[in-house]
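Student: I would like the entire structure built from these sequences, with the hints used as guidance.
Heads up: the protein sequence lines correspond to chains A and B, in order.
Each residue of the first sequence is one higher than the one before, counting from 653 in the numbering used here.
Each residue of the second sequence is one higher than the one before, counting from 4 in the numbering used here.
Only true hints are included.
Stretch by stretch, here's where chain A covers chain B in the computed footprint (C-beta under 8 Å, at least three residues):
hint, region
1, 14-20
2, 31-45
3, 73-80
4, 83-97
5, 106-114
Derived by calculation from the structure, the hints in this document are not laboratory data.
Cβ coordinates follow ideal geometry from the N, Cα and C atoms, glycine included.
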Amino acid sequence: MSGSDAAGRLVRPFALTGGRTRPSRADFTLITTVTAVDPPPERAPRPQPEQTRILRRCARPVAVAELAAVLDLPVSVIVIMLCDLLEAGLITAHPPHPVSPRTPNLDLLQKVRDGLGRL
Amino acid sequence: MAGSDTAVPAAPDTVKILIAGGFGVGKTTMVGSVSEIAPLRTEESLTSAGLGIDDLDGIEDKKATTVALDFGRITISDELVLYLFGTPGQQRFWFMWNDLAIGALGAVVLIDVRRPEASFAAVDFFERRGIPFVVGVNGFHGRHPYPPEDIREAFALPAHVPVLLCDARERGSCRDVLIALIDQVIAAAA
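Tutor: Okay, here's the thing in structure tokens:
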């Protein structure tokens with residue numbers, strides 16, 4: 653269906669994460685939005701090239717899934733790298749709107765419905 | 004910081020809806036019809052949960068260790084963005100559905116009118132978890148040989164689950180299915 657990966661990657665994805673396969677923080681969902689801290693904190697470590705690519709992409713808020721798609725990296729790899737950036741104070745993370753099936757937010761649902769109606 | 008033209012906008016709240024159904028029923032087509040961006044594809048590494056039960060014979064050199072996830076975006080307002088995720092259709096990737104379903108407003112189960120049985124399991128999944136869903140019957144070339152009631156009967160769907168005839172290629176048609184889902188979620192809350 654895709655056949656777009658003929659070129660391949662130059663670096664194996666988990667080489668970017670120091671071999672770690674699990675994020676140290678669980679607070680990055682597919683639709684968590686991340687934003688680069690600008691200007692970066694003075695004492696922050698110098699970002700690696702792949703981290704710089706991420707920081708450039710999240711100069712404005714962007715969802716984790718979108719980052720993974722545009723940087724062509726698996727979500728799990730992106731999340732591990734975002735954990736490092738968060739710990740270094742180089743990004744902020746905004747969690748998704750909480751959704752509880754038992755206590756739905758009618759105001760939120762109405763907003764979504766109105767937005768869909770404008771399509 | 005505030006008041007500057009270059010100020011970084013506040014991060015919007017995000018919500019998601021799942022577009023589910025069997026393999027090749029038109030999920031990505033539906034995502035693309037309503038998304039403001041061309042559907043994006045991201046890959047997730049297959050964990051050991053998916054290995055072993057997976058028949059990888061003959062596809063060893065293909066994407067045997069990753070599963071692709073297609074998604075789109077609808078900006079509702081500066082403060083609210085809706086994401087649509089097409090769930091991986093092949094049954095061996097269903098372990099991912101649990102993760103995807105967490106925090107979702109609800110789901111559209113898409114049915115290919117030529118082979119509705121491909122989506123039986125998707126209906127099961129959302130029914131069993133009590134996640135609100137609607138059924139969209141995607142007509143091949145927009146043709147609908149069966150009335151919604153026939154589909155309802157074939158799937159043994161309860162009366163409160165809406166069944167809509169749709170065309171995954173048409174934005175208006177997909178929009179109506181999504182609105183029906185939100186109405187379903189609101190009704191379930193009442």
